[in-house]
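There are 2 protein chains.
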Amino acid sequence: MRISELARRSGVPVATVKYYLREGLLPAGELTGATQARYGKEHLARLRLIRALLGPGGLSIARTRAVLAAVDDPATSLHAALGAAHGALPAVSGGAAPDLADARAHLARWGWQVHEHSPALGQFAAAIQALAAAGYPPSDALLDRYADAAGRLARQDVADVPTQSLADAVRFVVINTLLLEPVLLALRRLAQQDASRRRFPAGGQAIPR
Amino acid sequence: MRISELARRSGVPVATVKYYLREGLLPAGELTGATQARYGKEHLARLRLIRALLGPGGLSIARTRAVLAAVDDPATSLHAALGAAHGALPAVSGGAAPDLADARAHLARWGWQVHEHSPALGQFAAAIQALAAAGYPPSDALLDRYADAAGRLARQDVADVPTQSLADAVRFVVINTLLLEPVLLALRRLAQQDASRRRFPAGGQAIPR
Numbered sequence: 001m002r003i004s005e006l007a008r009r010s011g012v013p014v015a016t017v018k019y020y021l022r023e024g025l026l027p028a029g030e031l032t033g034a035t036q037a038r039y040g041k042e043h044l045a046r047l048r049l050i051r052a053l054l055g056p057g058g059l060s061i062a063r064t065r066a067v068l069a070a071v072d073d074p075a076t077s078l079h080a081a082l083g084a085a086h087g088a089l090p091a092v093s094g095g096a097a098p099d100l101a102d103a104r105a106h107l108a109r110w111g112w113q114v115h116e117h118s119p120a121l122g123q124f125a126a127a128i129q130a131l132a133a134a135g136y137p138p139s140d141a142l143l144d145r146y147a148d149a150a151g152r153l154a155r156q157d158v159a160d161v162p163t164q165s166l167a168d169a170v171r172f173v174v175i176n177t178l179l180l181e182p183v184l185l186a187l188r189r190l191a192q193q194d195a196s197r198r199r200f201p202a203g204g205q206a207i208p209r
Numbered sequence: 001m002r003i004s005e006l007a008r009r010s011g012v013p014v015a016t017v018k019y020y021l022r023e024g025l026l027p028a029g030e031l032t033g034a035t036q037a038r039y040g041k042e043h044l045a046r047l048r049l050i051r052a053l054l055g056p057g058g059l060s061i062a063r064t065r066a067v068l069a070a071v072d073d074p075a076t077s078l079h080a081a082l083g084a085a086h087g088a089l090p091a092v093s094g095g096a097a098p099d100l101a102d103a104r105a106h107l108a109r110w111g112w113q114v115h116e117h118s119p120a121l122g123q124f125a126a127a128i129q130a131l132a133a134a135g136y137p138p139s140d141a142l143l144d145r146y147a148d149a150a151g152r153l154a155r156q157d158v159a160d161v162p163t164q165s166l167a168d169a170v171r172f173v174v175i176n177t178l179l180l181e182p183v184l185l186a187l188r189r190l191a192q193q194d195a196s197r198r199r200f201p202a203g204g205q206a207i208p209r
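The listed protein sequences correspond, in order, to chains A and B. FYI, the numbering for the first sequence is 1 to 209, going by the numbering used here. FYI, the numbering for the second sequence is 1 to 209, going by the numbering used here.
Take the hints with a grain of salt, since some may be wrong.
On the chain B side, residues computed to face chain A include the following (Cβ under 8 Å) [stated by the list, open to error]: (1) M1; (2) L31; (3) N176.
Restraint ranges, calculated between C-beta atoms of paired labels, are given here [what the hints assert, rightly or not]: (4) B:P201 with A:P13: 37 to 47 Å; (5) B:D168 with A:P13: 47 to 57 Å; (6) A:R9 with B:T163: 53 to 63 Å; (7) A:A108 with B:A202: 15 to 25 Å; (8) A:S139 with B:S165: 37 to 47 Å; (9) B:R198 with A:A141: 20 to 30 Å; (10) B:A202 with A:S139: 30 to 40 Å; (11) A:A141 with B:P201: 27 to 37 Å; (12) B:P27 with A:G24: 47 to 57 Å; (13) B:D99 with A:K18: 30 to 40 Å; (14) A:G24 with B:S165: 48 to 58 Å.
Some chain A residues flagged as far from chain B (calculated, every beta-carbon gap over 12 Å) [stated by the list, open to error]: (15) M1; (16) R8; (17) R22; (18) G24; (19) E30; (20) G33; (21) A34; (22) R63; (23) E181.
The set of hints was computed from the structure by calculation and includes no laboratory data. All C-beta atoms in this analysis are idealised placements derived from N, C-alpha and C, irrespective of residue type, glycine included.
Pulled out of the complex, with its shape left as it was, chain A reads as follows:
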């Protein structure tokens, strides 16, 4: 299809498609003349991925380029490809911790093996240190509970990865990892509201300030 049809079918304005081409996010089409190129289904799928990363995903152009480079990397194994895509995603929160010993000890308790330099490991370490600094050091029981919930979700997330093609698998992992995060956090807050209503009904328990 021509660029005008690509724009129409993707719902992305032609000028924006050209911008993605210039920025190297969208691969060039097949040249069919001096000023014309032909685009295919892969371009449509790529456009959808770009829109998801830049829009709801909240990624910068530079970060999107890094994620797409991982998507395009001709990795030697599916696990390596998924790891590269994962590693290119933005951090789940601000800082990373320099001291990973505690975080590694928890992972060892759970029998989890992860990439040595996984950004998520530093983020986990930073998050538990932040809780301690705030006066609420997380107990093993609390972290076990969160690890159990995360582990159940993750095993099913990974079981759902399609294996028809590497491109499909990596695209799925990028979208699924990134866009289900706000789902999970929003649902936790909503469930907390429901649980709070049940535990502390109006007119119930009085509590001193």
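Take the given structure of chain A and dock chain B to it, following the hints.
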């Protein structure tokens, strides 16, 4: 204690403590002279909360002020106080959705009752619409799985809320809601890495690009 001791015990420089006083984040101490004031344990606890919100929590000064106003609000019930603190927290992700019908339908399926204007409801709606736009509309089974995990965590989170005093309860809810979010997301990503390694071992299944 004097401001110098408050600074020493909290690990926050005197100049920063004065900045929080000027910004109205930290309540004034009890005046003991023209230029001296006395501070108590509540000031120490408040400083720890301010540091958690501005630092690992990543909140702006303005947002921190709003959360603290909710913490200080003399609410009529614990549930209302927790709801106010919750509602003042920053969004779990970028946008909010104008159409909440789908999101409400899912909550009804789960029997969850939440605040009518809960920001988390709009964020949940936006997140499922973003997945659909990216070409991965979430199935009921997928959302049920995430709701089940979020519900288990939330029920225990709320069961852990201390009820000795309203101030303690609200402080706990603010810290626990906000600072366990990066824990949950980091653990999901780490568990995904472990699950990917198990499902796609090196030298295992070949996959076409």
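Do the hints match the structure? See the list:
no., hint, result
1, M1, "violated, 18 Å"
2, L31, "violated, 23 Å"
3, N176, "holds, 7 Å"
4, B:P201 with A:P13: 37 to 47 Å, "holds, 44 Å"
5, B:D168 with A:P13: 47 to 57 Å, "holds, 53 Å"
6, A:R9 with B:T163: 53 to 63 Å, "holds, 57 Å"
7, A:A108 with B:A202: 15 to 25 Å, "holds, 21 Å"
8, A:S139 with B:S165: 37 to 47 Å, "violated, 21 Å"
9, B:R198 with A:A141: 20 to 30 Å, "holds, 25 Å"
10, B:A202 with A:S139: 30 to 40 Å, "holds, 36 Å"
11, A:A141 with B:P201: 27 to 37 Å, "holds, 32 Å"
12, B:P27 with A:G24: 47 to 57 Å, "holds, 53 Å"
13, B:D99 with A:K18: 30 to 40 Å, "holds, 31 Å"
14, A:G24 with B:S165: 48 to 58 Å, "holds, 57 Å"
15, M1, "holds, 18 Å"
16, R8, "holds, 16 Å"
17, R22, "holds, 23 Å"
18, G24, "holds, 20 Å"
19, E30, "holds, 18 Å"
20, G33, "holds, 29 Å"
21, A34, "holds, 31 Å"
22, R63, "holds, 14 Å"
23, E181, "violated, 5 Å"
Figure legend: structure checked against the earlier numbered hints; hints not met, in rising order: 1, 2, 8 and 23.
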